[in-house]
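Protein chains: 2
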Amino acid sequence: MEKQSSLMEGQTGKTIAHDLAKKQRDIGVAEFFSRNRHLLGFDNKRKALMTTIKEAVDNSLDACEEARILPEIFVEVIEMGEDRYRVIVEDNGPGILKSEVPKIFAKLLYGSKFHSMKQSRGQQGIGISASVMYGQLTTGRAAKIRTRISKNKAALFYKVKINTKKNIPDTTEPQEVDWGDKEHGTKIEIDLEATYLGGNQSIDEYIKETAITNPHATIIYTNPKAQQIDFIRVVDKLPVEPKEIKPHPYGVEIGALQDMLKGTDSRTLQAFLTSEFTRVGAGTAKLICENSALLPNASPKRLSREQVEQLMNGIKKTKIINPPTDCLSPITAADLEKGLRKEVNAEFYCSSTRPPSVYRGNPFIIEVGMAYGGALETDGSMKLIRFANRVPLLFQQGACAVTKSVLATAWRNYGLSQSKGALPTGPLVVAIHIASVWVPFTSESKEAIAHYPEIIKEIKLAIQDCGRKLGSYVNKKKRIQVEGKKRDYITTYIPFVSDALKEILELTDDDKAKIEENLSVILEKTRGKLEDMKFDPTKSEDYDENLANIGKGETEDGKEEE
Amino acid sequence: MEKQSSLMEGQTGKTIAHDLAKKQRDIGVAEFFSRNRHLLGFDNKRKALMTTIKEAVDNSLDACEEARILPEIFVEVIEMGEDRYRVIVEDNGPGILKSEVPKIFAKLLYGSKFHSMKQSRGQQGIGISASVMYGQLTTGRAAKIRTRISKNKAALFYKVKINTKKNIPDTTEPQEVDWGDKEHGTKIEIDLEATYLGGNQSIDEYIKETAITNPHATIIYTNPKAQQIDFIRVVDKLPVEPKEIKPHPYGVEIGALQDMLKGTDSRTLQAFLTSEFTRVGAGTAKLICENSALLPNASPKRLSREQVEQLMNGIKKTKIINPPTDCLSPITAADLEKGLRKEVNAEFYCSSTRPPSVYRGNPFIIEVGMAYGGALETDGSMKLIRFANRVPLLFQQGACAVTKSVLATAWRNYGLSQSKGALPTGPLVVAIHIASVWVPFTSESKEAIAHYPEIIKEIKLAIQDCGRKLGSYVNKKKRIQVEGKKRDYITTYIPFVSDALKEILELTDDDKAKIEENLSVILEKTRGKLEDMKFDPTKSEDYDENLANIGKGETEDGKEEE
Numbered sequence: 044m045e046k047q048s049s050l051m052e053g054q055t056g057k058t059i060a061h062d063l064a065k066k067q068r069d070i071g072v073a074e075f076f077s078r079n080r081h082l083l084g085f086d087n088k089r090k091a092l093m094t095t096i097k098e099a100v101d102n103s104l105d106a107c108e109e110a111r112i113l114p115e116i117f118v119e120v121i122e123m124g125e126d127r128y129r130v131i132v133e134d135n136g137p138g139i140l141k142s143e144v145p146k147i148f149a150k151l152l153y154g155s156k157f158h159s160m161k162q163s164r165g166q167q168g169i170g171i172s173a174s175v176m177y178g179q180l181t182t183g184r185a186a187k188i189r190t191r192i193s194k195n196k197a198a199l200f201y202k203v204k205i206n207t208k209k210n211i212p213d214t215t216e217p218q219e220v221d222w223g224d225k226e227h228g229t230k231i232e233i234d235l236e237a238t239y240l241g242g243n244q245s246i247d248e249y250i251k252e253t254a255i256t257n258p259h260a261t262i263i264y265t266n267p268k269a270q271q272i273d274f275i276r277v278v279d280k281l282p283v284e285p286k287e288i289k290p291h292p293y294g295v296e297i298g299a300l301q302d303m304l305k306g307t308d309s310r311t312l313q314a315f316l317t318s319e320f321t322r323v324g325a326g327t328a329k330l331i332c333e334n335s336a337l338l339p340n341a342s343p344k345r346l347s348r349e350q351v352e353q354l355m356n357g358i359k360k361t362k363i364i365n366p367p368t369d370c371l372s373p374i375t376a377a378d379l380e381k382g383l384r385k386e387v388n389a390e391f392y393c394s395s396t397r398p399p400s401v402y403r404g405n406p407f408i409i410e411v412g413m414a415y416g417g418a419l420e421t422d423g424s425m426k427l428i429r430f431a432n433r434v435p436l437l438f439q440q441g442a443c444a445v446t447k448s449v450l451a452t453a454w455r456n457y458g459l460s461q462s463k464g465a466l467p468t469g470p471l472v473v474a475i476h477i478a479s480v481w482v483p484f485t486s487e488s489k490e491a492i493a494h495y496p497e498i499i500k501e502i503k504l505a506i507q508d509c510g511r512k513l514g515s516y517v518n519k520k521k522r523i524q525v526e527g528k529k530r531d532y533i534t535t536y537i538p539f540v541s542d543a544l545k546e547i548l549e550l551t552d553d554d555k556a557k558i559e560e561n562l563s564v565i566l567e568k569t570r571g572k573l574e575d576m577k578f579d580p581t582k583s584e585d586y587d588e589n590l591a592n593i594g595k596g597e598t599e600d601g602k603e604e605e
Numbered sequence: 044m045e046k047q048s049s050l051m052e053g054q055t056g057k058t059i060a061h062d063l064a065k066k067q068r069d070i071g072v073a074e075f076f077s078r079n080r081h082l083l084g085f086d087n088k089r090k091a092l093m094t095t096i097k098e099a100v101d102n103s104l105d106a107c108e109e110a111r112i113l114p115e116i117f118v119e120v121i122e123m124g125e126d127r128y129r130v131i132v133e134d135n136g137p138g139i140l141k142s143e144v145p146k147i148f149a150k151l152l153y154g155s156k157f158h159s160m161k162q163s164r165g166q167q168g169i170g171i172s173a174s175v176m177y178g179q180l181t182t183g184r185a186a187k188i189r190t191r192i193s194k195n196k197a198a199l200f201y202k203v204k205i206n207t208k209k210n211i212p213d214t215t216e217p218q219e220v221d222w223g224d225k226e227h228g229t230k231i232e233i234d235l236e237a238t239y240l241g242g243n244q245s246i247d248e249y250i251k252e253t254a255i256t257n258p259h260a261t262i263i264y265t266n267p268k269a270q271q272i273d274f275i276r277v278v279d280k281l282p283v284e285p286k287e288i289k290p291h292p293y294g295v296e297i298g299a300l301q302d303m304l305k306g307t308d309s310r311t312l313q314a315f316l317t318s319e320f321t322r323v324g325a326g327t328a329k330l331i332c333e334n335s336a337l338l339p340n341a342s343p344k345r346l347s348r349e350q351v352e353q354l355m356n357g358i359k360k361t362k363i364i365n366p367p368t369d370c371l372s373p374i375t376a377a378d379l380e381k382g383l384r385k386e387v388n389a390e391f392y393c394s395s396t397r398p399p400s401v402y403r404g405n406p407f408i409i410e411v412g413m414a415y416g417g418a419l420e421t422d423g424s425m426k427l428i429r430f431a432n433r434v435p436l437l438f439q440q441g442a443c444a445v446t447k448s449v450l451a452t453a454w455r456n457y458g459l460s461q462s463k464g465a466l467p468t469g470p471l472v473v474a475i476h477i478a479s480v481w482v483p484f485t486s487e488s489k490e491a492i493a494h495y496p497e498i499i500k501e502i503k504l505a506i507q508d509c510g511r512k513l514g515s516y517v518n519k520k521k522r523i524q525v526e527g528k529k530r531d532y533i534t535t536y537i538p539f540v541s542d543a544l545k546e547i548l549e550l551t552d553d554d555k556a557k558i559e560e561n562l563s564v565i566l567e568k569t570r571g572k573l574e575d576m577k578f579d580p581t582k583s584e585d586y587d588e589n590l591a592n593i594g595k596g597e598t599e600d601g602k603e604e605e
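Chains A and B supply the protein sequences, listed in that same order. According to the numbering used here, the first sequence is numbered sequentially starting from 44. According to the numbering used here, the second sequence is numbered sequentially starting from 44.
All clues stand as given, with none of them false.
With beta-carbon atoms standing in for the labels, derived distance ranges:
1) 333(A) to 268(B): 34 to 40 Å
2) 123(A) to 463(B): 37 to 43 Å
3) 66(A) to 66(B): 35 to 41 Å
Heads up, simulated DSSO-like pairs for lysine-lysine below, C-alpha to C-alpha not over 30 Å straight-line:
4) 500(A) to 447(B)
5) 344(A) to 187(B)
6) 230(A) to 65(B)
7) 286(A) to 230(A)
Keep in mind the hints are simulated off the structure, nothing from the lab. C-beta: ideal position from N, C-alpha, C; glycine also.
Construct all of the structure, not just a fragment, from the sequences and the given hints.
Put into structure tokens, the structure is as follows:
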């Protein structure tokens with residue numbers, strides 16, 4: 044046993060607590076993430092390349108849509124040396140103000156999307172600055188930014204670095220530069236340590252899936268082999284603009300409510316409720332006050348903790364309609380199915396959209412599309428394609444709420460075989476999209492969706508909706524196959540029957556032939572016409588083989604991520 | 044097609060970029076994590092309780108060990124109402140200075156462990172403040188802290204809250220309070236929304252596993268059913284104190300190296316190298332300079348980016364011995380095995396420790412223990428127990444590098460059956476511990492280890508080391524079983540043989556009995572003595588049934604996490 048008390052205090056009156064206190068200090072956000080870079084999607088060189096491109100393209104698409112501009116995005120990846128690549132992403136977005144450029148590209152936790160309840164790809168204000176930081180850490184080089192906000196202003200050029208100790212930008216003075224005809228837009232260039240591989244989970248696949256779920260965007264992509272692939276927009280219309288909403292009373296927690304009450308400008312509780320929340324008019328506000336046993340003209344700032352708790356209970360007791368869903372911009376079931384038709388050469392397609400739902404006060408919508416049979420492989424597991432706010436999710440399938448929902452579905456009901464706890468087996472591709480004002484990702488790298496029960500439930504229901512359509516097709520096909528076999532069987536025996544009849548009745552060969560024909564006709568008549576459900580791979584009008592093959596090159600063995 | 048250029052600039056000269064810029068703002072760290080609370084282990088009410096206790100206990104153990112005090116920790120969980128619990132954790136640690144209390148408990152990213160390269164349970168400076176924040180958000184209540192640093196000073200009492208907008212503490216003035224005989228220590232009390240469930244992944248199990256891997260700690264635990272369970276220390280000696288080390292040159296990246304060069308007080312490159320890195324003496328420093336084609340007396344602050352790149356290459360070219368490993372404090376294979384013997388009633392135990400290894404400049408050690416057969420169930424998958432820096436990891440097994448390594452091991456070599464991509468089947472428990480100065484977790488909640496190739500490789504090697512011992516036992520047992528069957532078979536026929544001999548040779552019954560006996564003796568002689576490998580469950584001296592049953596109550600169906 045150590046002598047404890049003697050350790051506690053020396054002659055100076057200093058204790059161990061004094062020693063330990065000396066080591067305590069602030070941990071910078073950028074320091075934190077630079078050491079924990081795997082949280083941001085920089086676990087390895089391959090993913091680093093992918094994450095960088097994804098963050099840049101997501102930002103470009105968000106900016107264009109917010110400015111109501113049809114996106115036109117150039118993506119180029121150039122091999123600069125061993126394990127060293129340059130990523131260039133250029134858009135025709137609204138451009139960025141001079142004063143904003145440094146913070147947007149070189150400060151973690153800075154952005155416009157975190158505080159607004161509105162669907163967007165980015166939400167955390169981390170992504171692109173993390174890419175700049177990773178490039179800088181691994182190559183020592185600054186990122187290069189070029190941006191222009193109007194034809195009447197010059198384009199500006201910056202070199203940006205991030206001060207990782209302080210999480211502040213370390214940027215050169217912007218220079219005015221020529222940018223030809225480009226009236227507005229932003230271009231970013233990052234050098235980084237990376238590896239380029241084709242196949243599943245490649246940039247090629249990511250860009251393809253992005254083009255499919257963003258049919259209003261044109262993306263011109265040049266890969267490190269200097270192959271240019273053009274994804275030209277197929278829709279000349281932007282998706283409906285999602286509206287920003289206020290929080291819904293059901294999603295607020297007591298601690299947050301306390302803060303809101305303290306920070307409000309409203310003088311009365313009723314005014315506070317109507318002005319700070321969605322779906323709370325004067326009537327509902329009064330009802331909440333009544334259910335809380337609080338006066339509508341009480342001062343929000345003066346409520347005690349107990350009174351705030353009353354208010355919480357009052358909110359729970361009051362029936363308030365679900366939040367509006369014009370904050371969401373789903374792909375639509377039809378477009379999701381259209382995308383599948385282009386990419387997958389199947390014989391049957393179906394899709395479903397669920398009505399909007401809410402988790403922790405956040406509205407969300409689930410959409411599901413399925414493609415079955417045809418040229419799809421019949422052996423092995425089904426393929427799952429996941430999207431969140433139109434962004435394809437290529438990693439961490441096992442950790443995702445979408446996967447959990449698929450595993451929990453009884454696929455046998457829809458005519459597929461499935462072992463316990465496994466994906467169903469068969470020629471099936473399932474695409475699932477979640478659109479939400481706040482997608483709860485399992486990590487900052489935004490690769491998988493957290494297991495919120497409301498979300499898992501909705502995904503399951505969407506799969507069931509769509510699965511029933513699939514099931515009726517698969518089962519019909521099975522019935523036809525069984526019937527076909529029966530008929531084959533009967534047909535096999537018709538010659539023997541006619542032979543026997545010929546012998547017993549001493550018929551001529553002509554009679555025998557007639558009997559055989561009659562028997563076939565009777566068979567057809569009694570058992571009905573058999574529908575032809577055979578698949579002709581050349582007849583798939585929507586299927587685009589070139590598109591489908593993008594991102595399907597060989598993946599080096601063992602390089603695939605979970 | 045939308046009219047794009049007209050959108051770009053109004054009559055005022057304001058562009059869309061101006062509008063968008065208005066929405067840009069800083070995102071507070073606490074705001075970020077309060078919305079993304081699932082990243083911190085607060086995905087649901089059950090896990091919230093667990094995470095809170097875990098963070099408090101980890102801190103207590105770290106503080107005691109750093110102050111070289113044998114830990115004595117009281118943990119109490121009280122049900123306060125529906126879905127509302129109070130967590131109380133009290134230690135006999137060194138206590139906390141008056142000025143430090145607010146920041147330690149109510150500021151995310153603040154602490155002593157992030158910047159020191161030394162093994163500890165906490166590392167991020169997030170955990171306990173996150174628990175305070177969660178409690179405050181869900182109950183509106185402040186956490187209560189009591190701390191004392193010496194018998195000569197009064198104990199202090201605080202109520203702490205966190206200002207989530209600004210990530211700063213919001214604390215009452217400390218009050219001097221009486222704390223009886225307690226000379227030093229800290230006590231925290233948090234009210235939070237939570238659910239208590241027994242079974243796997245329960246607090247009970249977490250505390251049990253913690254007690255097993257920390258045999259020097261006494262933990263007195265009272266669960267919500269008011270059952271007190273005492274885990275009394277079995278070792279009166281603290282683990283070896285891990286030493287703090289400097290970074291190793293192989294682990295540094297060019298961006299970080301640039302920052303270090305800029306920030307150094309050293310006047311020459313050689314001095315910089317010897318003073319900032321571990322394992323670099325004057326000789327090695329000179330060698331690095333030579334390999335970099337840089338002068339040893341060059342000024343560190345004045346190196347250009349190209350020269351820093353030269354330096355990087357010079358470091359790579361120079362042979363530098365691995366970092367020292369006295370920064371690590373492994374459990375030791377013997378203690379890991381001892382723990383298994385207490386908890387698992389098996390017939391065979393083995394354990395292995397790998398030599399230290401390095402990933403991204405961080406030293407780490409892998410230890411593995413195995414328990415086989417006996418009272419363990421023979422059906423179903425093996426059980427995997429994971430630890431990182433002596434902390435049991437109960438969640439996200441599927442996402443963990445440990446699991447990946449176990450799945451990638453060919454268990455058939457060790458006599459177990461295994462389907463492709465699955466855990467092996469059989470009566471086997473495997474405990475794996477990683478000790479490192481920086482454990483790369485897959486999320487801030489520290490539940491699973493990221494897939495760094497070096498770590499996966501080392502875990503595999505450790506499993507193989509230990510697996511060979513297991514394999515030789517399992518295979519020997521199998522051989523004995525086969526041999527036993529053969530002998531049974533021969534024995535069955537001995538009476539028939541002797542009968543036949545009796546008839547042919549016309550022997551007496553006595554002779555026949557003799558022959559039978561002789562045949563048995565010959566059998567024994569020629570085939571050797573058969574070792575008895577039968578398991579007697581009552582003879583397991585180390586096994587502690589009461590301990591083993593803790594945390595083994597029923598888990599409600601479907602409540603178990605991945």
